[in-house]
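Trainee: Between the sequences and the hints, there should be enough to build the whole structure, so can you do that?
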Amino acid sequence: MAFVQPNTFRAGADENGHFGIFGGRYVAETLMPLILEVEKAYNAAKADPKFKADITSFNAHYAGRPSALYFAERLTQHLGGAKIYFKREELNHTGSHKINNCLGQILLALRMGKKRIIAETGAGQHGVATATVCARFGLQCVVYMGTKDIERQKPNVFRMKLLGAEVHPVEKGTGTLKDAMNEALRDWVANVDTTYYCIGTAAGPHPYPTMVRDFQSVIGDEVREQLHAAEGRLPDTVIACIGGGSNAIGLFHPFLDDASVKIIGVEAAGRGISTGAHAASLTGGEPGVLHGNRTYLLQDANGQIKDAHSISAGLDYPGIGPEHAWLNDVKRVEYVSATDDEAMNAFQVCSKLEGIIPALESAHAVAHVLKIAPKLPKDHLLVVCMSGRGDKDVFAVADALGAKL
Amino acid sequence: MSRITKRFDTLKAQGRSGLVTFVTAGDPDMATFQKILNGLPAAGADVIEVGVPFSDPMADGPAIQLSSQRALKHDIGLKDIFAAVAAFRKTDADTPIVLMGYYNPIYRYGGDAFARDAVAAGADGVIIVDLPPEEAGELLPALRKHGLHMIFLTAPTSSDARLPAILNNASGFVYYVAVAGVTGTKSADETSVKQAMTRLRAHTKLPIAVGFGIKTPAQAKTISALCDAAVVGSAIVDVVADSSLRNGAKPDVIAADVHRFVKDLAAGVR
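Read top to bottom, the protein sequences are chains A and B.
With numbering that gives the first Met the number 0 applied, the first sequence covers 0 to 404.
With numbering that gives the first Met the number 0 applied, the second sequence covers 0 to 269.
Note that these hints are calculated values from the structure, not bench results.
Check the hints yourself; a few may be wrong.
To be verified - Cross-link-like lysine to aspartate or glutamate pairs, in silico, EDC-like; alpha carbons within 20 Å at most:
{"id": "1", "chain 1": "B", "residue 1": "Lys34", "chain 2": "B", "residue 2": "Asp8"}
{"id": "2", "chain 1": "B", "residue 1": "Lys72", "chain 2": "A", "residue 2": "Glu170"}
{"id": "3", "chain 1": "A", "residue 1": "Lys261", "chain 2": "A", "residue 2": "Glu333"}
{"id": "4", "chain 1": "B", "residue 1": "Lys185", "chain 2": "A", "residue 2": "Asp186"}
Mentor: What follows is the structure in structure tokens.
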């Protein structure tokens with residue numbers, strides 16, 4: 000089938016929530032009216048200048064935006080090629096890009112009159128951000144988290160509890176992000192009247208992928224302005240890590256129609272794609288339907304979802320946001336992967352050279368920078384999203400390195 | 000006339016409501032499941048729902064989640080399920096079989112191939128929990144072509160404005176989800192089911208089966224009196240689990256336990 004280049008890559012989703020064949024609203028009938036209600040409320044909010052003003056104000060005074068765009072001079076010198084900038088999302092309040100989305104969604108929940116917020120979390124970054132914003136607005140907060148993730152992200156679990164959230168351990172399945180999301184959906188369906196489900200990534204049923212992207216696009220919008228101020232032009236390459244893909248879509252989306260900007264998403268290759276123990280849905284998955292949307296999924300021949308693996312809890316998910324699935328198929332974005340070992344190496348290199356400890360998730364993006372930057376010319380502007388800080392990961396990394404604390 | 004339509008006509012002629020029983024295919028293993036399935040009509044099941052196990056049953060409570068996990072230990076796929084339905088059909092030509100599950104295994108199998116093979120095996124309808132009318136357009140033509148009923152779910156949250164969109168494409172019967180929640184947790188409430196039936200009947204002439212939250216013969220009796228059939232799932236699946244745990248791999252004993260419970264439910268409905 001011949002592929003006809005669209006006029007714009009930024010128009011999706013369509014009115015039914017589809018990006019090409021991806022996206023959609025694959026939910027049980029009980030939830031369908033709620034999804035439609037969220038969509039209606041979001042459309043109304045988008046048209047309300049007060050909503051936009053509220054978000055801008057909280058972004059500035061509560062989250063600390065704009066986040067810095069930082070020239071990583073020593074890493075640039077070390078690699079000897081492209082000029083590398085970090086978009087410092089790890090400097091945001093709560094330590095990651097997740098706050099951008101939580102502020103947007105919880106301000107929406109308030110408009111909808113919801114008093115109880117539920118969320119799923121993998122690494123705990125989204126859980127912490129949700130718990131934080133709930134504390135700020137005096138809302139009840141329940142976070143679902145897999146038991147395996149609770150074990151490897153203990154500091155974040157305690158943070159959520161300090162912030163007043165209930166953390167519900169999910170033992171089912173593999174005890175990771177996908178199981179936490181199943182359980183959050185079960186909670187939502189049983190508490191439809193009172194509860195708003197604050198999904199943490201650009202996935203799930205429409206309108207979530209679009210809405211989360213919109214709230215996260217502040218990342219790319221700022222990069223465009225900041226790099227223009229610093230260099231007077233667009234970046235040549237932008238890079239971000241991808242689990243569900245919210246920091247990535249937030250960085251990518253404002254640049255999708257700038258043909259000169261090369262866009263690269265980095266999935267988690269775990270122990271290596273060929274081992275089967277990975278979380279790279281685009282590289283190693285096939286289209287399917289899970290958690291309300293059609294997208295690329297790790298699955299077997301019977302359509303059963305396979306367990307993902309990544310050293311990074313935030314990337315340990317067998318799917319990916321539907322807009323990424325579409326951007327992959329229309330070839331606007333290049334999707335690559337980095338292994339656990341490569342991410343661990345990047346984690347250490349970045350810490351030593353720049354004095355910035357990246358989240359293990361973000362370290363996957365840095366790992367790809369280590370691969371390509373040396374081969375690029377010195378005037379090549381490369382922006383990598385430092386989506387989160389790595390404080391939460393130091394225990395897990397110490398374990399993996401065999402260090403005794 | 001389809002088996003489903005015929006069966007509901009017969010029930011009407013008998014002046015009674017029906018019992019729809021749900022069991023997960025391959026739970027606790029394929030041989031035991033086949034014995035359970037084959038004996039359900041004699042135990043009093045008027046319609047049989049066969050659960051297609053899925054790794055991520057988002058709309059199900061613990062009982063059906065665990066039954067899916069038990070089945071998936073044996074790598075049960077749609078081909079195995081079609082074989083079991085075909086084997087059942089050699090023993091029973093009249094009791095309708097409805098496959099119930101999530102969309103991904105069907106999508107992966109291919110919509111057209113699924114409908115073709117399901118009908119060839121002797122299945123009569125399909126309930127796909129996570130395929131609402133908004134997304135069903137991609138599958139409906141294949142189902143119509145091969146003659147497989149699409150049974151849509153309606154819920155307490157489905158507004159009157161929404162009902163026509165759901166019911167316009169429904170066939171066979173309509174499934175009303177009696178409680179907002181996952182399977183097998185809350186109990187269905189008589190008053191709200193009664194109100195829902197009035198609401199639904201204004202939009203459809205199809206028979207209405209009510210499920211989610213019906214666990215005991217007494218509840219089955221109460222709810223079935225308000226509609227055309229009561230669906231019991233988690234409570235039956237719990238018997239499969241308990242009996243397997245107590246008796247080990249003894250297909251005859253487990254099947255007998257399940258059939259005894261179904262007889263009690265049927266007595267309530269009749």
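Trainee: So, for every hint listed, does it hold in this structure?
Mentor: Each hint, compared with the structure:
1. B:Lys34 with B:Asp8: Violated - the C-alpha atoms of Asp8 (chain B) and Lys34 (chain B) are around 28 Å apart, more than 20 Å.
2. B:Lys72 with A:Glu170: Since the Cα atoms of Lys72 (chain B) and Glu170 (chain A) sit roughly 17 Å apart, the hinted pair holds (cutoff 20 Å).
3. A:Lys261 with A:Glu333: holds, 8 Å
4. B:Lys185 with A:Asp186: holds, 13 Å
This entry does not satisfy hint 1, going by the numbered hints stated previously; all others are met.
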